[in-house]
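A.B. asks: Sequence:
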Amino acid sequence: VQLQASGGGLVQAGGSLRLTCAASGKISGVNARGWYRRAPGKERELVASILNNGLTHYEESAKGRFTISRDIAKNTVYLQMDSLKPEDTAVYFCSIQTNSGRVYFGQGTQVTVSS
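Going by the numbering used here, the first residue of the sequence shown is number 3, and it counts up by one from there.
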């Protein structure tokens, strides 16, 4: 399984970015997809996740600003990030979780928000 994330970059505060994560390889038993981030000097945290039934979960600071979506047929998950803040600066990782509880992570994409 390979997860390829893209869409990161440098943006001014208040701007928007859309992250995309394409999965390749055979994956069975996927029950959730998500985005994590690791800010400098901080632990990795779950930003948003989406279950196969469409239910979503957001970290508190992401609520109302970030939107996670997925295209199951394309094995792709997206993270639309609006009203970005400097504290959103981090490396963002996409993930896939299976029914067995195993979590696969892709390589990260850097998001930098300038003030």
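The set of hints was computed from the structure by calculation and includes no laboratory data.
All C-beta atoms, glycine included, are put in the ideal place defined by N, C-alpha and C.
Accuracy of the hints is not assured; some may be wrong.
As the list claims (entries may be wrong) - Heads up, simulated BS3-like pairs for lysine-lysine below, C-alpha to C-alpha not over 30 angstroms straight-line:
(1) K87 <-> K28
(2) K76 <-> K65
(3) K65 <-> K87
(4) K65 <-> K44
What the hints assert, rightly or not - Per label pair, the in silico range of CB-to-CB distance:
(5) A75 <-> F107: 36 to 42 angstroms
(6) L53 <-> T114: 17 to 23 angstroms
(7) I74 <-> T114: 18 to 24 angstroms
(8) H59 <-> E89: 15 to 21 angstroms
(9) G103 <-> L12: 15 to 21 angstroms
A.B. asks: Does each hint fit the structure? Answer for all of them.
C.D. replies: So, going through the hints one by one against the coordinates:
1. K87 <-> K28: Given that 30 angstroms is the threshold and the Cα spacing comes to 36 angstroms, the pair is violated.
2. K76 <-> K65: 26 angstroms, holds
3. K65 <-> K87: With a Cα-Cα distance of about 13 angstroms, the restraint between K65 and K87 holds, given a limit of 30 angstroms.
4. K65 <-> K44: 20 angstroms, holds
5. A75 <-> F107: 36 to 42 angstroms: 22 angstroms, violated
6. L53 <-> T114: 17 to 23 angstroms: At roughly 30 angstroms between Cβ atoms, T114 and L53 fall outside 17 to 23 angstroms, so the hint is violated.
7. I74 <-> T114: 18 to 24 angstroms: Violated, at about 31 angstroms.
8. H59 <-> E89: 15 to 21 angstroms: 20 angstroms, holds
9. G103 <-> L12: 15 to 21 angstroms: 36 angstroms, violated
Going through the hint list in order, the structure does not satisfy hints 1, 5, 6, 7 and 9.
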